[in-house]
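Going line by line, the protein sequences match chains A and B.
Using the working numbering, read the first sequence as starting at 1 and increasing by one per residue.
Using the working numbering, read the second sequence as starting at 1 and increasing by one per residue.
It cannot be assumed that every hint is accurate.
Note that identical chains are pooled: a pair holds if it fits in a single copy or bridges any two copies.
[What the hints assert, rightly or not] Here are the simulated lysine-lysine pairs, DSBU-like style, with alpha carbons at most 35 angstroms apart:
#, residue 1, residue 2
1, LYS31, LYS11
2, LYS11, LYS67
3, LYS66, LYS31
4, LYS11, LYS87
5, LYS31, LYS12
6, LYS31, LYS87
7, LYS67, LYS87
No lab work stands behind these hints, which were simulated from the structure alone.
There are 2 protein chains.
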Amino acid sequence: MYVTIVEVHVKKEYVSNFIEATRINHLASVKEKGNRRFDVLQMTDEATRFVLYEAFASAEAAAAHKKTEHYLQWRATVSDWMATLRKGTTYNGLFPE
Amino acid sequence: MYVTIVEVHVKKEYVSNFIEATRINHLASVKEKGNRRFDVLQMTDEATRFVLYEAFASAEAAAAHKKTEHYLQWRATVSDWMATLRKGTTYNGLFPE
Numbered sequence: 001m002y003v004t005i006v007e008v009h010v011k012k013e014y015v016s017n018f019i020e021a022t023r024i025n026h027l028a029s030v031k032e033k034g035n036r037r038f039d040v041l042q043m044t045d046e047a048t049r050f051v052l053y054e055a056f057a058s059a060e061a062a063a064a065h066k067k068t069e070h071y072l073q074w075r076a077t078v079s080d081w082m083a084t085l086r087k088g089t090t091y092n093g094l095f096p097e
Numbered sequence: 001m002y003v004t005i006v007e008v009h010v011k012k013e014y015v016s017n018f019i020e021a022t023r024i025n026h027l028a029s030v031k032e033k034g035n036r037r038f039d040v041l042q043m044t045d046e047a048t049r050f051v052l053y054e055a056f057a058s059a060e061a062a063a064a065h066k067k068t069e070h071y072l073q074w075r076a077t078v079s080d081w082m083a084t085l086r087k088g089t090t091y092n093g094l095f096p097e
């Protein structure tokens with residue numbers, strides 16, 4: 001499993017817009033063949049901070065996600081709503097195997 | 001879904017010990033009734049850095065995890081292997097619902 005943890009900081013006036021746009025992205029992403037998880041999380045202590053937990057079967061499947069229409073649409077939609085640059089960190093999933 | 005992302009930095013000489021101890025914790029944790037995910041991740045760019053992605057049905061189920069024998073055993077086992085203090089951040093899982 002190849003995982004990207006994306007940290008997102010949203011301008012506070014766009015929090016509900018961001019949630020709705022990301023819900024749509026989630027629904028399409030979990031249908032991708034190589035997707036294993038696409039969890040959308042909101043920090044309990046700070047409602048403007050989110051994490052997208054994106055797990056794919058392989059690095060190739062993760063790269064294919066970035067070419068999908070729903071990803072590109074999401075990226076364009078949320079672009080002006082970011083308070084700071086998004087930060088993605090990649091991991092090898094050890095367990096589950 | 002109630003999620004804790006635990007960032008772990010392990011002394012490099014204990015990386016393989018940590019992986020084995022955490023594998024055992026993973027296998028028991030995913031059997032807990034309230035557990036949804038217990039993913040063990042190793043950073044691709046830095047092999048001494050790990051994330052435990054722990055998702056439970058509720059905050060109560062997450063709290064119950066910390067009272068299990070396997071968690072307490074894991075915590076005691078890995079304690080001397082940490083390079084820095086572990087850091088946990090909690091999130092409300094928005095999607096999947």
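We went through each hint and held it up to the structure:
1. LYS31 <-> LYS11: The answer is within: 29 angstroms in one copy meets 35 angstroms, while 39 angstroms across copies does not.
2. LYS11 <-> LYS67: For LYS11 and LYS67, the Cα distance is within 35 angstroms only inside one copy (26 angstroms; across copies 38 angstroms).
3. LYS66 <-> LYS31: both (14 angstroms within a copy, 33 angstroms between copies)
4. LYS11 <-> LYS87: both (15 angstroms within a copy, 25 angstroms between copies)
5. LYS31 <-> LYS12: Within one copy only: 30 angstroms inside, 38 angstroms across.
6. LYS31 <-> LYS87: both (24 angstroms within a copy, 32 angstroms between copies)
7. LYS67 <-> LYS87: both (19 angstroms within a copy, 33 angstroms between copies)
Against the hints set out earlier in the document, no violation occurs for any number.
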